[in-house]
Amino acid sequence: MIGYFDPKTDRDLGTPASLSTSLITLEIDGEQVQVPEGTSVMRAAALAGINIPKLCATDSLKSFGSCRVCLVEIEGRRGYPASCTTPVSEGMVVRTESPRINKLRKNVMELYISDHPLDCLTCPSNGNCELQDMVGVVGLREVRYGLSVSNHLHLPKDTSNPYFTFDPSKCILCSRCVRACEETQGTFALTINSRGFDSKISAGANESFMDSECVSCGACVQACPTATLSENTVIEFGQAEHSVITTCAYCGVGCSFKAEMKGNQVVNMVPYKDGKANRGHACVKGRFAFGYATHQDRITQPMIRDRIDQPWRTVSWDEAFQFAASRIRQIQAQYGTNSVGAITSSRCTNEETYLVQKLVRAAFGNNNVDTCARVCHSPTGYGLKMTLGESAGTQDFDSVEHTDVVMVIGANPTDAHPVFGSRLKKRLRQGARLIVVDPRQIDLLKGPHYQADHHLQLRPGTNVAFINAMAHTIISEGLEHSDFIAQRCDQAAYQQWLSFISDSRHSPEATEAITGIPATELRAAARLYAQGGNSAIYYGLGVTEHSQGSTMVTGIANLAMLTGNFGRPGVGVNPLRGQNNVQGSCDMGSFPHELPGYRHVSDSSVRQLFEQAWQVSLADQPGLRIPNMFEAAIAGSFKALYCQGEDIAQSDPNTQHVEAALGSLECLIVQDIFLNETAKYAHVLLPGATFLEKNGTFTNAERRIARVRKAMPPLAGKEDWQVTQGLAAALGYTMTYQHPSEIMDEIARLTPSFQGVSYARLDELGSIQWPCNDEHPLGTPVMHEDSFTIGQGQFIPTEFVPTEERVNGRYPLLLTTGRILSQYNVGAQTRRTANVAWHAEDVLELHPHDAEERGINDGDWVGISSRAGQTVLRARVSSRMQPGVVYTTFHHPFSGANVITTDNSDWATNCPEYKVTAVQAEKVTEISKWQERFRHLDSYQRQLLSESQAEA
Amino acid sequence: MNAEYLIKMANQIALNLAYEQDPERRADMVAGHIRKFWEPRMIEALLAVDPAHPDLSPCVVAVLTRL
Amino acid sequence: MAAHIPLAPVESSTEARIRTLAGDLKQQPGALLPILHAVQDTFGYVPECTAAVLATELALSRAEVHGVISFYHHFRTRPAGAHVLHICRAEACQSMGSAALERDIKQLLNIDYHQTTADGSVTLEPVYCLGNCACSPNIRLDDAVHGRMTLAKTERLLQLLKEGQA
Chain A
8 MIGYFDPKTD RDLGTPASLS TSLITLEIDG EQVQVPEGTS VMRAAALAGI
58 NIPKLCATDS LKSFGSCRVC LVEIEGRRGY PASCTTPVSE GMVVRTESPR
108 INKLRKNVME LYISDHPLDC LTCPSNGNCE LQDMVGVVGL REVRYGLSVS
158 NHLHLPKDTS NPYFTFDPSK CILCSRCVRA CEETQGTFAL TINSRGFDSK
208 ISAGANESFM DSECVSCGAC VQACPTATLS ENTVIEFGQA EHSVITTCAY
258 CGVGCSFKAE MKGNQVVNMV PYKDGKANRG HACVKGRFAF GYATHQDRIT
308 QPMIRDRIDQ PWRTVSWDEA FQFAASRIRQ IQAQYGTNSV GAITSSRCTN
358 EETYLVQKLV RAAFGNNNVD TCARVCHSPT GYGLKMTLGE SAGTQDFDSV
408 EHTDVVMVIG ANPTDAHPVF GSRLKKRLRQ GARLIVVDPR QIDLLKGPHY
458 QADHHLQLRP GTNVAFINAM AHTIISEGLE HSDFIAQRCD QAAYQQWLSF
508 ISDSRHSPEA TEAITGIPAT ELRAAARLYA QGGNSAIYYG LGVTEHSQGS
558 TMVTGIANLA MLTGNFGRPG VGVNPLRGQN NVQGSCDMGS FPHELPGYRH
608 VSDSSVRQLF EQAWQVSLAD QPGLRIPNMF EAAIAGSFKA LYCQGEDIAQ
658 SDPNTQHVEA ALGSLECLIV QDIFLNETAK YAHVLLPGAT FLEKNGTFTN
708 AERRIARVRK AMPPLAGKED WQVTQGLAAA LGYTMTYQHP SEIMDEIARL
758 TPSFQGVSYA RLDELGSIQW PCNDEHPLGT PVMHEDSFTI GQGQFIPTEF
808 VPTEERVNGR YPLLLTTGRI LSQYNVGAQT RRTANVAWHA EDVLELHPHD
858 AEERGINDGD WVGISSRAGQ TVLRARVSSR MQPGVVYTTF HHPFSGANVI
908 TTDNSDWATN CPEYKVTAVQ AEKVTEISKW QERFRHLDSY QRQLLSESQA
958 EA
Chain B
110 MNAEYLIKMA NQIALNLAYE QDPERRADMV AGHIRKFWEP RMIEALLAVD
160 PAHPDLSPCV VAVLTRL
Chain C
77 MAAHIPLAPV ESSTEARIRT LAGDLKQQPG ALLPILHAVQ DTFGYVPECT
127 AAVLATELAL SRAEVHGVIS FYHHFRTRPA GAHVLHICRA EACQSMGSAA
177 LERDIKQLLN IDYHQTTADG SVTLEPVYCL GNCACSPNIR LDDAVHGRMT
227 LAKTERLLQL LKEGQA
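Protein chains in written order, with this note's numbering: chain A, 8 to 959; chain B, 110 to 176; chain C, 77 to 242.
Misleading hints may appear alongside valid ones.
[As the list claims (entries may be wrong)] So the derived label-pair ranges between C-beta atoms look like this:
1) Asp627(A) with Leu156(B): 12 to 22 angstroms
2) Asp627(A) with Pro163(B): 28 to 38 angstroms
3) Arg95(C) with Gly153(A): 48 to 58 angstroms
4) Gly72(A) with Tyr148(C): 17 to 27 angstroms
Hints in this document: simulated from the structure, not taken from any laboratory.
Every residue, glycine too, gets a C-beta built ideally from N, C-alpha and C.
Given only the sequences and the hints, what does the whole structure look like? Please build it.
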């Protein structure tokens with residue numbers, strides 16, 4: 008499963024690898040070659056170091072055999088078979104070069120070039136053009152066909168996409184773009200229009216790229232062997248001169264990329280073929296939306312102020328550290344040790360997160376540290392730890408290739424985890440069955456060449472009733488995996504759970520009235536999940552962000568144990584993490600009750616270990632969680648907060664409550680790359696560094712630790728870990744790391760599941776899935792193989808406790824919130840890129856019935872109010888919604904989506920209930936009072952910032 | 110800290126552990142959960158609530174003596 | 077991707093008819109071509125919305141359906157004239173003088189291939205073999221094949237058409 012990592016192997020072998028285990032021996036150009044059965048002659052030759060000329064073949068796509076350049080001679084066979092489509096056979100004797108082959112190839116290339124512009128010197132692909140390379144390889148010296156006859160040299164360009172240009176005059180019709188869109192991305196947005204001489208690549212039904220089904224993933228651009236599809240940055244800046252392999256800082260998929268560089272400038276981002284999370288694919292965010300890193304809004308100097316209505320003062324790093332540290336110490340002297348805390352960033356590296364929690368525990372002297380995982384996946388940590396013993400997903404992404412039944416619950420992978428979404432769709436096209444559990448009609452439900460078997464369109468907030476009905480059905484119909492339960496699970500716990508779940512109140516017939524899922528449909532889905540082979544559950548924030556989020560995660564784990572779906576590829580419980588390093592920030596001890604490695608602060612032996620390493624004594628009681636910090640701030644006992652790379656003012660629920668909390672702090676230290684919404688309440692602004700500007704590691708949703716490598720120097724001079732170290736020093740707690748690798752060494756020393764992790768090991772293996780230790784020196788792609796981390800799997804009863812947030816006469820609709828493909832989280836990064844071309848504002852989606860009842864037309868301004876607040880958005884009337892349910896995103900601060908959401912939260916972890924808010928919607932003509940205040944504060948704070956920058 | 114906020118959270122924990130039918134064991138579980146996840150000032154503020162407070166669920170009243 | 081959030085569909089009668097046609101045929105293997113034929117037979121051409129409607133009906137993309145429509149010359153994306161005249165350009169007919177016939181008919185109708193006469197009566201299309209090579213050169217007028225064609229015979233056929241007797 009784990010291959011060795013060597014950047015020099017980044018060669019195109021022409022056709023994909025064969026997975027066969029039986030080997031074939033053949034002779035190519037006199038060399039004996041041994042390859043797996045099913046390998047193409049082209050790939051066999053490439054593995055032997057012989058590069059057969061090719062144009063339409065590339066090893067990320069199935070062979071196609073259209074370009075006729077890769078012809079070879081095979082002894083005993085007539086003609087000149089294409090090496091890309093000819094599989095090897097035992098004893099085959101292949102010649103890849105001969106005068107006859109060369110002549111044929113020359114003729115083919117001559118025909119290509121007869122209808123191709125000869126502007127190579129000024130072409131964007133100059134230096135990286137496969138057509139040019141092949142012309143060189145075959146030695147074409149003359150083109151006998153003049154350009155006076157018909158040709159395609161004057162076809163107009165399509166520049167509708169902000170990131171790439173389509174220039175059909177350079178197209179050789181190899182179909183690599185069409186096939187990449189189909190095989191790699193699964194969108195099927197491209198085709199060949201017409202035929203013969205009139206053939207032309209067409210997006211959609213002869214539409215522009217922007218108007219077509221294209222999702223701008225860029226797979227076509229990467230696959231194009233010529234300049235027909237080129238990144239605009241490459242057209243503008245030219246070809247890169249070196250590259251840096253690093254990890255994307257957007258979602259939890261954690262794609263591996265080659266940052267193609269010219270000096271300190273990123274020219275383009277190319278997904279790294281050997282990246283095990285993404286296998287050479289990317290999405291519109293990771294591939295294209297990197298321009299924010301050099302956006303003019305970047306904060307480049309430390310700034311301080313005494314009060315938030317004052318202009319910022321630009322100061323040196325030292326002065327900023329001293330100012331922040333003295334404020335924190337004053338506050339602690341006045342209000343007590345526990346009056347200060349910090350929030351670690353799930354966008355920063357493991358090393359940086361580790362340092363912030365270390366700073367809190369060692370220098371602040373308390374456990375008041377939390378992370379944004381609190382507001383997304385904290386119930387995952389709770390539920391999986393209680394049932395299985397480890398707060399993490401059980402599989403790697405490759406596992407999906409062995410899955411027969413996919414159940415997606417409360418996740419929208421094609422928008423929020425697009426690269427995994429593509430891998431999932433690929434598996435569905437191969438015939439895996441699909442169950443979608445979601446109140447909305449998500450795009451995954453139906454795509455080219457597959458369709459979901461079941462869409463269980465439940466009412467928001469009724470997940471637990473649904474999962475109980477699934478388990479009840481499996482038990483009542485005798486579909487449970489008795490052997491697995493007997494061997495792997497705690498029997499007493501199972502018996503208690505069994506008597507709970509057997510009660511008829513959990514039957515699908517009884518829960519139908521709660522969930523809205525027809526009992527027959529649910530029973531059919533339960534049978535499919537239990538009997539369909541390898542069944543895997545993928546879930547997202549639609550599971551966790553509820554008042555019963557932890558219960559639902561527990562229910563999911565119960566269901567997978569009940570059916571024996573653990574411990575092998577193709578099965579398991581897979582949380583799709585929101586941000587790039589949510590898994591990592593949790594692993595690193597960002598929760599207020601846990602030290603790194605999920606060990607409770609009350610455990611004296613663990614505390615002792617850290618006390619010795621850190622040379623301090625540690626608090627033995629849990630600290631405040633984020634929502635508790637807000638409550639304590641309003642109550643007056645929490646006075647200072649250090650917030651790294653997290654925009655709580657925009658992302659956390661009940662904005663006005665958050666604003667009140669931030670407004671009552673005496674010292675707010677914000678470390679960020681932009682003046683985000685939270686920074687408008689800050690007293691100290693410490694410039695952050697983007698992922699391109701630092702070294703470290705991220706851990707993705709499959710527990711994969713992957714290197715983040717510095718591609719350019721930090722704009723403000725410091726990587727984020729250095730900033731935390733500077734602040735610690737000013738607080739009188741010295742940290743002496745010279746490089747993040749030293750931080751990782753400390754983590755490995757103190758955390759059993761990271762024991763075998765080091766930068767040297769990461770360089771060697773490419774990436775590592777924890778646990779990585781003596782038992783698993785190469786990491787652990789699939790967890791709980793022979794036994795659960797907890798020992799015996801623990802079934803836990805999951806009573807459905809409805810949320811208090813219910814519709815009534817005043818608030819008759821349910822609002823649920825989510826994400827969209829082109830934007831990321833609070834949008835601070837993606838809003839500062841051309842991705843706004845797809846999603847320039849957040850809109851309220853509502854069902855035509857609800858719209859008509861209120862006289863709302865598409866595009867109208869609609870006021871949405873809940874018991875927490877009111878905001879105004881533009882309406883999008885969409886039958887994707889079910890009647891009575893409305894939906895929006897929170898990517899733009901002015902939208903105020905979280906002005907509406909309430910402070911209801913998960914019973915076990917305080918994860919906010921973003922997914923269920925009772926609201927009313929009505930047509931309005933002006934923005935809300937909150938939005939007016941927001942506008943005022945926003946322009947005022949921007950003015951304070953620009954005044955300070957003018958001074959500097 | 111705001112008592113209403115803490116009462117609501119404590120009641121919610123009790124409600125979600127209601128599958129445990131033995132009231133003593135259930136109160137132990139709720140108390141255990143609170144000790145595991147609550148910061149001391151939150152526990153102190155909950156303990157400061159009058160056990161006769163009308164919003165406290167009976168289970169949480171039993172929890173107060175266990176914290 | 078521009079309209080990423082799908083609007084509530086307000087279906088036209090054309091879309092509804094295409095959906096009905098698809099509904100009758102979509103269970104059979106390789107349903108796309110039979111459905112496209114049914115669409116063209118019903119409307120006389122393949123309306124623009126066909127790609128989008130059939131994409132959702134058959135779990136395909138718009139691009140895929142469009143690729144098929146645009147590949148086959150048989151499928152026209154604009155309404156034809158009242159009658160369609162195909163001239164065979166395959167080898168047998170060419171050897172029997174179809175090139176001259178082609179030129180003469182174009183002149184007679186005053187249109188080129190893929191065009192329709194000003195009065196909307198006739199659309200001219202090329203075709204490659206009508207399977208009647210023994211009687212070359214051939215033309216097809218609507219569904220009837222006519223062999224051993226000359227300009228004069230074509231003129232007579234067109235005249236009969238005008239009189240409503242062809």
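Going down the list of hints, with the structure as the test:
1. At about 19 angstroms, the beta-carbon gap between Asp627(A) and Leu156(B) stays in the expected band of 12 to 22 angstroms.
2. Taking 28 to 38 angstroms as the suggested C-beta distance range, the pair Asp627(A) and Pro163(B) conforms, at roughly 35 angstroms.
3. Taken as a hint, the range 48 to 58 angstroms holds for the pair Arg95(C) and Gly153(A), whose Cβ atoms sit roughly 50 angstroms apart.
4. Range check, Gly72(A) to Tyr148(C): Cβ separation about 23 angstroms, and the 17 to 27 angstroms hint holds.
Checked against the numbered hints given earlier, the structure satisfies every one of them.
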